[in-house]
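**Student:** Single-letter residue listing:
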Amino acid sequence: MIEVSNINKQVVTSEGTLNILQQINLSVARGESLAIIGPSGSGKSTLLGILAGLDMPSSGTVAIDGEDITAMDEEGRAAVRAGHVGFVFQSFHLLPGLTALENVALPLELQGIDNALQTARQYLQRVGLGERVTHYPRQLSGGEQQRVALARAFACRPAILFADEPTGNLDTGTGEKINDLLFDLNAEEGTTLILVTHEKTLAARCGRRLELQAGRQVEQLAESA
Amino acid sequence: MLALKMLLRSWRGGQLGLIFASLVLAVAVVTSVALLAERVERALVKESSSFLAADLVVSSSVAIDPTWLERAQKMGVRTAQKASFGSMTFAGDEMHLASIKAVESSYPLRGAVKRSTVPFATDELDIEAVASGPQSGELWVDSRLLPLLNIELGDSIDVGDGSFNVSHILIEEPDSGSSFSAFGARILMNWSDLPASGVIQPGSRVSYRFLIAASEGQEDNFETYVDWLKQQLDIHDRLITPDEAQASIASTMDKGRRFLLLAGSIGVVLAGIALALASHHFANGQLLQVALFKSWGISASRVRKLYFQQIILLGIAGSVVGLLIGWSFHQLLISVVRDWLPITLPAAGSRPWITGFATGILCLLGFTLPALWHLPTQSPLAVLRRDSQAKSLNSLIRGSLGVLTVARFTLLV
Ligand SMILES: Nc1ncnc2c1ncn2[C@@H]1O[C@H](COP(=O)(O)OP(=O)(O)OP(=O)(O)O)[C@@H](O)[C@H]1O
Ligand SMILES: [Mg+2]
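In the order they appear, the protein sequences are chains A and B. One point on numbering: in our numbering, the residue at position 21 of the first sequence is 21, and numbering is uninterrupted. One point on numbering: in our numbering, the residue at position 161 of the second sequence is 161, and numbering is uninterrupted.
It is worth saying that the hints were derived from the structure and are not from the lab. Computed from a prediction, not measured in an experiment: that's the story for all the values here. Treat the hints with care, as some may be off.
Sample of chain B residues at the chain A side, in silico, Cβ under 8 Å [what the hints assert, rightly or not]:
id, residue
1, G162
2, Q289
3, S295
4, L384
C-beta atoms are modelled at their ideal positions from N, C-alpha and C, and glycine is treated no differently.
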């Protein structure tokens with residue numbers, strides 16, 4: 001489903017050229033889960049952005065369902081993303097002016113889905129927030145906000161879900177609950193999951209892991225025990 | 001409609017209040033000024049013919065030479081004399097320095113005097129147009145004299161040595177334009193009461209007017225008389241033609257209108273600056289939303305369209321509210337300055353409304369659009385950063401540019 005070959009990412013700074021990613025190769029099959037791990041600054045978020053088509057590698061190709069997105073322009077990549085990918089972020093990124101329900105419904109409304117609010121309500125119920133639909137993000141705890149974000153991501157029924165440290169801002173107990181929910185939903189929906197994490201336990205729950213160190217792949221994609 | 005939904009949600013979140021208020025202010029200011037200016041302009045056109053209450057007028061600082069009157073009578077030229085002066089009026093313990101005009105019974109030679117029995121009448125049904133001024137012993141007075149002297153219609157007041165019955169409310173004289181600068185309440189009295197009242201003493205500041213008009217079928221005589229009259233004028237006298245009368249009114253009105261327009265432009269510029277800042281603030285609040293949209297695969301052109309639609313919807317709503325407030329404000333202005341206005345104002349046409357509406361749309365395009373301009377180019381990568389504030393300086397510069405352009409535009413108009 002995702003085919004990555006030989007990607008490099010360089011940025012030019014005032015101190016010279018910085019190699020953020022070097023020679024990354026990987027492939028992820030439909031329904032698989034992949035954890036990208038590594039120390040801070042090793043290039044995890046950069047890689048995730050490239051895989052999702054939000055960013056472009058300096059060289060190398062990324063193909064999603066056989067389509068080379070690195071050959072496309074920004075609009076072309078946007079079209080590939082539309083309706084296919086979902087995101088969950090470390091800082092939740094809920095819109096503060098919208099209620100939980102509206103936050104979940106927004107991407108559905110953008111897709112022009114008729115019963116967006118109804119679908120959104122169902123997904124909020126699935127993450128256990130059926131009673132909090134009219135609450136604004138500021139009225140919700142961090143864990144609850146991330147559950148809303150999960151509902152928002154899954155409500156679009158994405159083929160691939162990208163998550164950047166989804167529990168990075170949560171305490172361990174809450175993080176565990178979010179992880180359970182993430183994997184439950186993932187199993188139910190059959191979504192391909194690519195997530196960035198610091199946490200060993202979360203990485204261990206993924207089918208495969210990719211470890212980065214200073215922009216290089218240090219461990220080949222080891223199969224989970 | 002998604003844009004409307006987004007707009008209503010932003011409105012509910014209070015992010016649009018300042019934008020909306022600034023927009024309404026700009027539209028209201030322009031609409032009220034434009035309405036006022038247009039109505040004054042229309043009044044000028046409509047009333048120009050009767051501004052003099054005569055075909056020709058000699059204005060003089062001394063009393064009219066009796067030989068002028070004799071000759072006019074002989075030649076069948078209609079005449080009327082008028083004297084304007086300030087005088088104290090008394091009723092019980094109250095007094096007021098009024099602007100008095102004494103007119104002969106033949107006045108006005110052209111046009112009509114409007115009077116009423118209802119103080120502060122605005123309803124046309126309460127207003128009566130008559131062909132001559134007050135009878136001897138009567139005064140027709142400005143509505144505002146009643147509260148000033150604490151009297152009612154039918155009461156008596158003292159002017160000089162005389163006591164007069166306040167019989168009617170004076171709404172408007174055909175040549176009231178010439179008394180535009182008078183601050184005291186206007187009073188119209190009969191010429192024949194002048195000697196007995198003793199209000200005119202040697203040395204009083206009086207402005208005399210000698211009004212003449214052709215009798216029907218005697219236009220040739222009139223021309224001959226005017227030619228003769230022109231020879232008689234000396235340093236105290238000035239001949240006023242209808243054109244001139246209109247020009248002096250027009251210049252007074254023009255000054256007023258220019259003042260209003262300047263005040264209006266300043267209002268618009270201030271509203272524009274508020275609008276630009278509010279828009280900038282709003283745009284910053286939208287950065288995360290746009291980054292999310294982009295990450296979900298919404299194209300830049302779709303984002304642009306969504307925000308453009310919101311601007312247009314907001315513009316329409318703000319302009320409509322602004323038009324209503326502008327209309328109320330211009331009514332309020334008129335009711336405040338009514339006493340100083342020499343004429344009643346006819347209704348306005350559609351132009352002020354169009355001007356006001358266009359102001360709203362232009363303000364949004366000039367002040368809000370620049371602030372939102374960069375939004376569609378927001379990178380979807382921003383969602384991977386922990387904070388999504390970016391490009392704010394850039395948009396501030398664009399915003400200020402918008403302020404300057406529109407400010408210049410409004411000042412030029
Ligand atoms: N546009 C850029 N310009 C300069 N340096 C950049 C740019 N983008 C990323 N970097 C650098 O590349 C490196 C990798 O960044 P990235 O955000 O991918 O790391 P990460 O593994 O996600 O780290 P963390 O765990 O802290 O989120 C960092 O050193 C970062 O400073
Ligand atoms: Mg990161």
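**Student:** Which numbered conditions among the earlier hints are violated in the structure presented, ordered from lowest to highest?
**Tutor:** Hint 1 contradicted; others consistent.
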